[in-house]
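S.K.: Letter by letter, the chains look like this.
Protein chains: 2
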Amino acid sequence: MSEEKELETLDTRDFDAEVEEIIEMIEEKKYGRVRSAMIEYNAVDIAEILEEVNDHLGLDMVILIFRMLPKDLSVDVFAYLPEEEQVEIINGITQKEIDHIIEELAFDDMIDLLEELPANLVDKILMKTTREERRLINTFLNYPENSAGSLMTPDYIDLKKTMTVAESLKHIKEAGVDSETIYSCYVIDVVGRSLIGVVSLKALIMAEPDDLVEDLMHTEVMSVSVLTDQEEVSNIFKRYGLLALPVVDREGRLVGIITVDDIFEVIDEEATEDFQKMAGVTGAGDDEYLDMGVLKHVRTRLPWLFILMCSYMITGGIITSFENMLSSCISLVTYMPMLMGTGGNSGSQSSTLIIRGMATDEIDLKDIARVLWKEIRIGVLVGICLSILNFLRIIYIDGEPPMVALTVCGAMMIIVMLAKSAGAMLPMIAKAVHIDPALMAGPVVSSLTDMMSLGIYFLFASMVLGI
Amino acid sequence: MSEEKELETLDTRDFDAEVEEIIEMIEEKKYGRVRSAMIEYNAVDIAEILEEVNDHLGLDMVILIFRMLPKDLSVDVFAYLPEEEQVEIINGITQKEIDHIIEELAFDDMIDLLEELPANLVDKILMKTTREERRLINTFLNYPENSAGSLMTPDYIDLKKTMTVAESLKHIKEAGVDSETIYSCYVIDVVGRSLIGVVSLKALIMAEPDDLVEDLMHTEVMSVSVLTDQEEVSNIFKRYGLLALPVVDREGRLVGIITVDDIFEVIDEEATEDFQKMAGVTGAGDDEYLDMGVLKHVRTRLPWLFILMCSYMITGGIITSFENMLSSCISLVTYMPMLMGTGGNSGSQSSTLIIRGMATDEIDLKDIARVLWKEIRIGVLVGICLSILNFLRIIYIDGEPPMVALTVCGAMMIIVMLAKSAGAMLPMIAKAVHIDPALMAGPVVSSLTDMMSLGIYFLFASMVLGI
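Protein sequences appear in the order of chains U and L.
Heads up, the first sequence is in the numbering used here, so the first residue is 1 and it goes up one at a time.
Heads up, the second sequence is in the numbering used here, so the first residue is 1 and it goes up one at a time.
Think of the hints as simulated: they come from the structure by calculation, not from any bench.
Only a predicted model underlies this, so the values are computations on that prediction, with no experimental measurement involved.
Glycine is no exception: its CB is placed at the ideal position from the N, C-alpha and C atoms.
Worth double-checking, as some hints may not be accurate.
[What the hints assert, rightly or not] Examples of chain L residues toward chain U, derived with CB under 7 Å: (1) A271; (2) V298; (3) L302; (4) D450.
[Said to hold, decoys possible] Output of the computed footprint for chain L on chain U, the stretches with three or more beta carbons under 8 Å from beta carbons of chain L: (5) 114 to 128; (6) 303 to 311; (7) 359 to 370; (8) 374 to 382.
Please model the entire structure based on the sequences and the hints provided.
M.R.: Pasting the structure below:
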């Protein structure tokens, strides 16, 4: 029976219900049972349970439960907590407990923590570190946010090319405990600490004890520099399916490695950032929706809404200049929203596909002519289909005269084609002039196509209807 | 000097220019130089170069260059080629070459290939396989697309719990060559092949030769079943930062493992799918933008454009029923696009954030009241800011009477608030009734808010202006 329980697969368990049970136990102050229930989980899950405890019972209770955990487990849990809770816990525990956490915390997790802490707490943490450690910490704190330097850890395995496999495995066994990964080992030049090769633990295991690292290592090492942007780093991991990637400084010296588990976060962050930008939300950063206050939400949403609202002054101006025409044929107003909406939707489809294609490195600036030609043809075909259906609808359902139907459908045809072309071109042009293409998505595109749609519609109407 | 060249970091190299050079060499028929230039790259890059060769010089040239590559390298390259090119290559090479590729290809890559091949080529490939291999292949071919079963490979390391570390390492050394990964080893019960534990290669390396696997393994194994959806699989990898995840059948027997390199593709696929849905593009699947023909593009875009266009019949109806009011105060028309646009943009912001929050597991259905309350407050504040700015603009720039400004701004205030609330609720309601929340994004939201915006505007106008 117990084995069956262990084999419960991750996709069938009801984690939410289990968390609720634990929260109930806490409310009933059955702390002994809480502790034994908690330690059944791994650190990631415990961190999530503590976040739920925070939502339901407040931070004091989080600190209480956190201090109940076995010491070594508590450090792992700490590493997975969100930064605000880390700061509160540091604030709420004793110096001795802090020292233990700092001692055991992985270097990159400590850097993340230090970046968030107020100055007085930073001092509290750095109290026990050596001068050499503080120098290293300072170097790491100075790498720009979202750079390879800010993602990397100095805890990697380095080998010399003259080592045998047996010596290497012995070294790995000794140095491995504190390393972020032992599966990729880096061979460095003894003199200049420059990176000259990489050897996988698999290669070492498959080789004979007397084989030399030199003969096993790959010398075509993939590496990035400390200042490489994290989006590029994650693209390299995806492209080559890497487990780890070394980071070198300007002189080619190995200064750290980035491991694949940190890349998952980057991929999610970058996609979230794209989604935000594409929706016209600006400056939300990595903050989670539920954690952000109402005022911060307002600040992230107002700028683009305001800019786009202003752009409608032009659209309004177009309408004003055609006011007489509209007065004399008020039924033209009826089709305005449909034309603007269809134009906006057509443009959004194209711009979204292009933005995504560029983000995943499928579409490149050199493809611009190919994309435009494709979108023009798509636009013509989509425009014809929609116009025909619409023509029938205006004649037979709305009962308008054929000339009105012709005006509306002729305009729609041109609007769809232009919206598709513009929607595809805007992100590419943005990229060419080094503006983030993700900004040229739905909201911006539909505001622009609204303008265009009305202009085309009214010009068409004045030509066809002669007013 | 040569060392310096090797240390060129990935982010500074100009791959595109290098590829162009190779294509020129091919055009000049300098095949010897092409070959020596190609083998300097790794398999991923060579596959990309061959894709460029295909775009510029056609498939025949791809097959020619492919056959020039050293045999072992060519198998790796083959695995990274897109499926259409794989099929063409199989078609264009000899049975002996096919046999070599099939023999060396990783099992999961072979399954992917077989899924794409026409029946006569499948036979050509399976000719040399044993009855047992064919049985296994058939089982794998039958797992549904996008399931854990379709992602996994049967090439993993299994250990027995009674093995010592030394025995385990010896077994890994023997079985490791063909394994997808040796860094996670799975302990299975001798009788039923059920999964009873997992032990990392790191743990084995750090332990003493006489230690027993039983004492080193974790018995709380994370696993999924063969039918688990790939989106859930990728969420588990991200959540726990895994390198590999075992897959079990209904009886808890280990049938395969999924490795992290295959998950990157899944993550990109799932995000792309979300982007497509949110833009109202349907049924494009995993096809890349540039590879899809114009007609297929049209088919993926028409359905939603048509549905949304039809929804504007209602919007048109609203306008028709207020035609008299509009005729008597035509300047009301001027502000229609601004109100619709701002409503649509406000709603899109909220719906995008909620859809993304639900996709990354940050927002849950149980947060619905919290989200609504947040959006109402955000909507009121954003609405007030925009309305005030707009009021001043209408009075001082447009020179309209205060009553018109009041109508427009009062309506805007309510529109923004309702659009934000509706934009946030629609994806959550969709999820509750098991519709994909990503469908409730930009296009759908703005079409719905357009309707709502006009209704509110006109009602407000008839009340305030008394017409």
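S.K.: Look at each hint and say if it fits the structure.
M.R.: Against the structure, the hints come out as follows:
no., hint, in the structure
1, A271, "5 Å, holds"
2, V298, "5 Å, holds"
3, L302, "6 Å, holds"
4, D450, "5 Å, holds"
5, 114 to 128, "violated (count 0)"
6, 303 to 311, "holds (count 5)"
7, 359 to 370, "holds (count 7)"
8, 374 to 382, "holds (count 5)"
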